Amino acid sequence: MSKTWNFDQPLEDVKPTSSHEERAKIAALFHKQEEKPIEEVDYVAAFVQQQKESKSKDVQTLASTVKQSQPKKVNITSDYKQHLADTIAQNNKDISACQKQIEELHQLIDEKKIQNKKLQAISVAIDDL
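Residue numbers (full-length UniProt numbering): 1 to 129.
Relax, there's no trap hidden among the hints.
List of simulated lysine-lysine pairs, DSBU-like, C-alpha gap at most 30 Å: (1) LYS117 - LYS100; (2) LYS25 - LYS15; (3) LYS100 - LYS118; (4) LYS15 - LYS32; (5) LYS100 - LYS113.
The set of hints was computed from the structure by calculation and includes no laboratory data.
From a predicted model like this one, the values you see are computed outputs, not experimental measurements.
All chains should be modelled from the sequences, with the hints used to inform the complete structure.
The structure is reproduced here in structure tokens:
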């Protein structure tokens, strides 16, 4: 009872069709006729062309990057002085902002003290009644 179930014959007689023929078959299925024949596209050639263009762009980009990365003549001392001046200016702005916040907090504290004195006076007045 050992029977093999291998099917060794070809399923169909398949002959290769072009993409134009395939499009015509699909158009016939949908009852449409092609107005103009569609040209064949050689995808391999298009891919190779795209790779060549990409490589040339990479070379151009690399060349421009090399030109841009040439160091400018810089004076380290003047750059550092400028950095220090910028840092001092920023610190002065921060100090001014903090002083303003401190003044606002002192004002709030004074208002709360006045409010507490009023509430204590009301409490004493209630006790006297």
